[in-house]
Amino acid sequence: MAKQRLVTNRGTGWLFFVAGLVLMLFVGWFLFPKALYSTKTQPFEFSHATHGPQGAAGNECTDCHAFRDDGSYQGIPPLSKCMECHEELIGESEAEREFHEKALEMAENDEQVPWLIYSRQPVCVYFSHAAHVKMAELECTSCHPDVTNQKAPLPYFQNRITGYSKDVWDRMKMSDCGDCHEKHGANNACFVCHK
Amino acid sequence: MKLDRRGFVKFLVGGVVGTMLSPIPWKLTDDIAIWTQNWPWVPNPPNGANSFKNTISPFRGDGIGVSVRLIDQKRAVTLSGVPDNPINQGGMSCIDLSGVQYHYNQAVRVKSPMVFRDGAFHAISWEEATGLFIGKLKEIRDQGTPEKVALVDGSGPGTMKDLLGRFMACYGSPNYMSMPNASDTEAQILKLMYGAGGTMGYDLENADFIISFGCGLLEGWGSQRTLLAYKDWRQEGNRGKTTLIQVAANASTTSSKADQWVAIAPGAEGAFALGLAHVILKENLGNLGALTGRAFGLGSGVDSQAMSFSGFRDLVLEEYGPDKVTQVTGVSPEKIQDLARRFAKAKSPLALPGRGKGTMPGGLYEFMAVHSLNALVGAVNRSGGVGPVMSPPLTSWPEPALDSVAEKGLRNARIDGAGSRYPFSSSLLHQFADVVAEAPKSPVEMLVVYKSNPAHNAPSSKEFNRARSKVPFVVSFSSFWDETTKNANLVMPNHSFLERWEDGTTPAGVPFPTYVLGAPVLPPLFDTRPTADVILETTKALGGSIATSFPWKSYEDLLKFRVAGIAASQQGVVSVPGSLAEQQPRGFSSAGDLWSSLTENGCWYDPSQRIGKTATGFNTPSGKFEFYCNGISEGLRQAGLDPKRLNVSVQGEAVCMAHFEPAEVEGDPQRYPLLMAPEELAYVFEGEVPSSPYMTKIWPDTLLKGNTLVIHINPEDAHNQHLYEGDPVMIESLKGSAEVRVHLFNGVRPGTVSMAEGFGHTGFDGYIRDKGANTRDMTTVASDALSGMPLWWGTRVKLTKV
Numbered sequence: 001m002a003k004q005r006l007v008t009n010r011g012t013g014w015l016f017f018v019a020g021l022v023l024m025l026f027v028g029w030f031l032f033p034k035a036l037y038s039t040k041t042q043p044f045e046f047s048h049a050t051h052g053p054q055g056a057a058g059n060e061c062t063d064c065h066a067f068r069d070d071g072s073y074q075g076i077p078p079l080s081k082c083m084e085c086h087e088e089l090i091g092e093s094e095a096e097r098e099f100h101e102k103a104l105e106m107a108e109n110d111e112q113v114p115w116l117i118y119s120r121q122p123v124c125v126y127f128s129h130a131a132h133v134k135m136a137e138l139e140c141t142s143c144h145p146d147v148t149n150q151k152a153p154l155p156y157f158q159n160r161i162t163g164y165s166k167d168v169w170d171r172m173k174m175s176d177c178g179d180c181h182e183k184h185g186a187n188n189a190c191f192v193c194h195k
Numbered sequence: 196m197k198l199d200r201r202g203f204v205k206f207l208v209g210g211v212v213g214t215m216l217s218p219i220p221w222k223l224t225d226d227i228a229i230w231t232q233n234w235p236w237v238p239n240p241p242n243g244a245n246s247f248k249n250t251i252s253p254f255r256g257d258g259i260g261v262s263v264r265l266i267d268q269k270r271a272v273t274l275s276g277v278p279d280n281p282i283n284q285g286g287m288s289c290i291d292l293s294g295v296q297y298h299y300n301q302a303v304r305v306k307s308p309m310v311f312r313d314g315a316f317h318a319i320s321w322e323e324a325t326g327l328f329i330g331k332l333k334e335i336r337d338q339g340t341p342e343k344v345a346l347v348d349g350s351g352p353g354t355m356k357d358l359l360g361r362f363m364a365c366y367g368s369p370n371y372m373s374m375p376n377a378s379d380t381e382a383q384i385l386k387l388m389y390g391a392g393g394t395m396g397y398d399l400e401n402a403d404f405i406i407s408f409g410c411g412l413l414e415g416w417g418s419q420r421t422l423l424a425y426k427d428w429r430q431e432g433n434r435g436k437t438t439l440i441q442v443a444a445n446a447s448t449t450s451s452k453a454d455q456w457v458a459i460a461p462g463a464e465g466a467f468a469l470g471l472a473h474v475i476l477k478e479n480l481g482n483l484g485a486l487t488g489r490a491f492g493l494g495s496g497v498d499s500q501a502m503s504f505s506g507f508r509d510l511v512l513e514e515y516g517p518d519k520v521t522q523v524t525g526v527s528p529e530k531i532q533d534l535a536r537r538f539a540k541a542k543s544p545l546a547l548p549g550r551g552k553g554t555m556p557g558g559l560y561e562f563m564a565v566h567s568l569n570a571l572v573g574a575v576n577r578s579g580g581v582g583p584v585m586s587p588p589l590t591s592w593p594e595p596a597l598d599s600v601a602e603k604g605l606r607n608a609r610i611d612g613a614g615s616r617y618p619f620s621s622s623l624l625h626q627f628a629d630v631v632a633e634a635p636k637s638p639v640e641m642l643v644v645y646k647s648n649p650a651h652n653a654p655s656s657k658e659f660n661r662a663r664s665k666v667p668f669v670v671s672f673s674s675f676w677d678e679t680t681k682n683a684n685l686v687m688p689n690h691s692f693l694e695r696w697e698d699g700t701t702p703a704g705v706p707f708p709t710y711v712l713g714a715p716v717l718p719p720l721f722d723t724r725p726t727a728d729v730i731l732e733t734t735k736a737l738g739g740s741i742a743t744s745f746p747w748k749s750y751e752d753l754l755k756f757r758v759a760g761i762a763a764s765q766q767g768v769v770s771v772p773g774s775l776a777e778q779q780p781r782g783f784s785s786a787g788d789l790w791s792s793l794t795e796n797g798c799w800y801d802p803s804q805r806i807g808k809t810a811t812g813f814n815t816p817s818g819k820f821e822f823y824c825n826g827i828s829e830g831l832r833q834a835g836l837d838p839k840r841l842n843v844s845v846q847g848e849a850v851c852m853a854h855f856e857p858a859e860v861e862g863d864p865q866r867y868p869l870l871m872a873p874e875e876l877a878y879v880f881e882g883e884v885p886s887s888p889y890m891t892k893i894w895p896d897t898l899l900k901g902n903t904l905v906i907h908i909n910p911e912d913a914h915n916q917h918l919y920e921g922d923p924v925m926i927e928s929l930k931g932s933a934e935v936r937v938h939l940f941n942g943v944r945p946g947t948v949s950m951a952e953g954f955g956h957t958g959f960d961g962y963i964r965d966k967g968a969n970t971r972d973m974t975t976v977a978s979d980a981l982s983g984m985p986l987w988w989g990t991r992v993k994l995t996k997v
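Heads up: the protein sequence lines correspond to chains A and B, in order. Sequential numbering of the first sequence, starting at 1, is according to the working numbering. Sequential numbering of the second sequence, starting at 196, is according to the working numbering.
Derived from the structure by calculation, the hints contain no laboratory data. Quick caveat: nothing in here was measured; it's all calculated off a predicted structure. Don't take each hint at face value.
In silico BS3-like cross-links for lysine-lysine, where the CA-CA straight-line distance does not exceed 25 Å [stated by the list, open to error]:
id: 1; chain 1: A; residue 1: Lys-81; chain 2: B; residue 2: Lys-248
id: 2; chain 1: A; residue 1: Lys-81; chain 2: B; residue 2: Lys-269
id: 3; chain 1: B; residue 1: Lys-269; chain 2: A; residue 2: Lys-173
id: 4; chain 1: A; residue 1: Lys-34; chain 2: B; residue 2: Lys-222
id: 5; chain 1: A; residue 1: Lys-40; chain 2: B; residue 2: Lys-248
id: 6; chain 1: A; residue 1: Lys-134; chain 2: A; residue 2: Lys-81
id: 7; chain 1: A; residue 1: Lys-195; chain 2: B; residue 2: Lys-892
id: 8; chain 1: A; residue 1: Lys-195; chain 2: B; residue 2: Lys-248
id: 9; chain 1: B; residue 1: Lys-665; chain 2: A; residue 2: Lys-195
id: 10; chain 1: A; residue 1: Lys-166; chain 2: B; residue 2: Lys-892
Required output: the full structure, derived from the provided sequences and hints.
This is the structure:
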């Protein structure tokens, strides 16, 4: 009997191996990434296209994403910057009305808009925008996507384990920093980024 | 086809291979690593807008300007040097850089007033604490014995120091003491040789040939300007412009960075200076023209006590020939002659006294020898030289009102003997400790400690602790759980330096008058109060003449009163952003303008009063610079003292002039064959606080191995004692012992052991506690023959392998 069973499975046994392989490849490459990230939306519908140089507001990028006087980088502007224009209603859209009302309330309570930051790095990382933009003269789009014509915020995919955005994984990992530093002959010592 | 056991195993293996070829394991591993960074208990400081406020860092007592970076105006994160403060010009020491750690470290801060009762500390209210303090002060004063209150002050020169001294005087106690410092000896030199008050300034920036007699220029001697001057000497383009000669027993950082290191026998610095003076006088190399008609006692004369003398020239020519000096110093006659000639021929030669960081007072005669050498080469009151720097023109304190109790109390001799047994000194903490420790009953009822930690840092901490244990009531104003505070009866914690007003007058060595002011940057973190305000409140509660002498409502009011004097003088300038770089300091129009400039930018200074820029006279009895100090003969006569009783090794006129006093080091050389020299390092701090947690990260294994201190010995001595690198040994002196490890180092002179200061703490927190051993627990402190100042540069020790 034993001999007969061996003969029976000799030709088809590899199919079980392939089935397991294909199943886990499907799970690993297709289901796992979907399960790993939750999708979040920004608190307000913000359009770079409207605010940017080619939009109705006609701002320069640096009007909001500016260096402070001391050389540090502001990143996302504080609510006070938004209120310079939005303290009064601009237009009649629902999105504007909603933002205007909530922004007034937040300003009164000394709160900030809880924007989800696609490029937020762990606190153990020291990063200087001045060193990269002013000294190394890198374009913003070397690291960030070009959002000039973006009409609505992209969905924010948050890693359920780490809490960080998927975009950090894509192009802002330590290895990406290290590769670029090596390519440009910049210092790659640990303490350059980890103080 | 049927799924049997074998088929199932194949399915699993396929699944495992599939998993390994997918991102699952690799991504999960990475994410889990990142997840650990975000555990809720991992500190994650919130981000926010930066702002900057200027204040001063008080740790080193040199009033350096610091800019505090604040997040959202409420959280201090870093300190950086203010570029426009002329004292530090943006520079900082390790302790200043990491000073914020002492503000936020809850483990070391005293969070509220505490009283020691029933074997433990208990938190009490401020009302109860001040009630206890004032009640005790009243009780002692009501008994008519105000002299039974003593105070130890560790603050640098400034209003707080004056306030505490004035408080003690108005209360009626002469027993106000400061932590010993080289500035104490400088003050005596200023009085005896220059006839001046203020501070001693050294114009390092403009000197071109410097002989440093053991000064740790790169370890922290003087102010931050010393390091800036060194940086300037070594800058590209300036090489060769300034020569630095380090005369020291060990290969310190300064020795290794000097143009020449002259390795001399420990304690022989004074003899070496006089050896150089001998060559200069014998070969007529000096620049005495600079002092023509303005020097007294170089040649023969008659002093203010009508005693004739033959003078410093004869003394030096007779007693300090190179051959004789060689015997004492171990430096060859040729080297002495060569150095003396190079020094005298330089355009701006300058000699500097004081060992290490300047925390150890020097011998009075040794300092006199170095200043005599400066006078011989014309360095006195000259650009690139040395001279008195006037105090900033702050409003003078009004004459204090003294009632009969205060007058009676002040008539008592000080416990430490300063002003009586030692007429030239104003404070001798080690003598105080000795007297109290040996007395059958403590002559002190209450000991108050401010901004210092004598239980660990006093010249002989063991003696101090013996004395402290005899005092019935010890009050500490410390912000930190230091060794003194841990053994106090009452703790009234001061605000941290970021929470209180602080000021400072010209620090050691700076060649022009300065005044720095720091306003509070942050609200108090804990239930603390500024000590200055507690003292002012106390004066009001004590009432009578004491209250009258302190009319100010708060310390801020007092500081405004003091600063008004500078405004009225219209002297000097204030630093504003860019003022130093552009060399355009700003004046001030009114007291209000000066006050707001000081609170914003922190510094007033008067470059027009720089050494050599103004004609400075000498207010000595002779009206001249005194090689022969009339003040010594007068002081001894007035105090009715015979130099023999003071253990001065010479007789006659030499008592009043610089000469070499052989070091008296306690202990039997047979039993204790080695000489331990405490070493002060740039990256180890010892003061009101010890080294900060950040500083502990930069200590090498040759300083601290695990928690064991590493001492440095010469390989020759190690060979004689069969010791090898890293061996654990017991170092033992007459006073104490400690287990350490040895590091073999040729930079240590044979016969000596180099042991770093700043370790062996039992207070504070785990970053510094129980690390290494405290040199002060084993030092045998000698008293300088004339001034009585403590000297602990050498202690006899033996090493035993364990």
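**OP:** If any of the earlier hints don't hold here, list their numbers in rising order.
**Re:** When the structure is compared with the hints, numbers 3, 5, 9 and 10 turn out to be violated.
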